[in-house]
Amino acid sequence: MVEKTSRGRKEEVVTREYTINLHKRLHGCTFKRKAPNAIKEIRKFAQKAMGTTDVRVDVKLNKHVWSRGIRSVPRRVRVRIARRRNDEEDAKEELYSLVTVTEGLKGLGTKVIDGDD
99 MVEKTSRGRK EEVVTREYTI NLHKRLHGCT FKRKAPNAIK EIRKFAQKAM
149 GTTDVRVDVK LNKHVWSRGI RSVPRRVRVR IARRRNDEED AKEELYSLVT
199 VTEGLKGLGT KVIDGDD
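The opening position of the sequence shown corresponds to residue 99 in the numbering used here, with each subsequent residue numbered one higher.
It is possible that part of the hints are untrue.
What the hints assert, rightly or not - Calculated lysine-lysine pairs in the DSS-like style (CA-CA distance at most 27 Å, straight line): (1) K190 x K146; (2) K122 x K138; (3) K158 x K142; (4) K190 x K122; (5) K132 x K142; (6) K161 x K130; (7) K209 x K122; (8) K132 x K146; (9) K142 x K122; (10) K130 x K146; (11) K132 x K161; (12) K161 x K138; (13) K132 x K122; (14) K158 x K132; (15) K138 x K158; (16) K209 x K158; (17) K122 x K158; (18) K146 x K158; (19) K161 x K146; (20) K122 x K146; (21) K142 x K209; (22) K130 x K209; (23) K190 x K130; (24) K161 x K142; (25) K161 x K122; (26) K142 x K130; (27) K132 x K190; (28) K158 x K130; (29) K209 x K138.
Stated by the list, open to error - Between beta-carbon pairs, the in silico distance windows are: (30) Q145 x H125: 29 to 37 Å; (31) E187 x R131: 30 to 38 Å; (32) R174 x R131: 32 to 40 Å; (33) S165 x D188: 32 to 40 Å; (34) S170 x D212: 17 to 25 Å; (35) R131 x V111: 14 to 22 Å.
Worth flagging that the hints you see were computed from the coordinates, not collected in a lab. A virtual CB, placed ideally from N, CA and C, is assigned to each residue, including glycine.
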């Protein structure tokens, strides 16, 4: 058998910026469930994009989603998702994803961030 020398695509530490369109993900959602469902959709997006089940949402991102109340969630949100090593001893997974909010929606598209900011 051939031994793998390089790490898998999902096992490296990386940071990327994404624009998440919450409007299409929350279409048809009840008004009083919009903000909680928006946070769940952001988690689901990060799980799919980074391949980790442990997703941690930053407090500033949570406040940004809830800033206009439970009903008027922002249509789009620009986020930075960082896949990081889990330093806890009793962790189930070795990697987790941290989702933070970034400023502005200009220059849309996915960007790979070099180095840890």
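- Which hint numbers doesn't this structure obey? 4, 22, 23, 27, 30, 32, 34, 35
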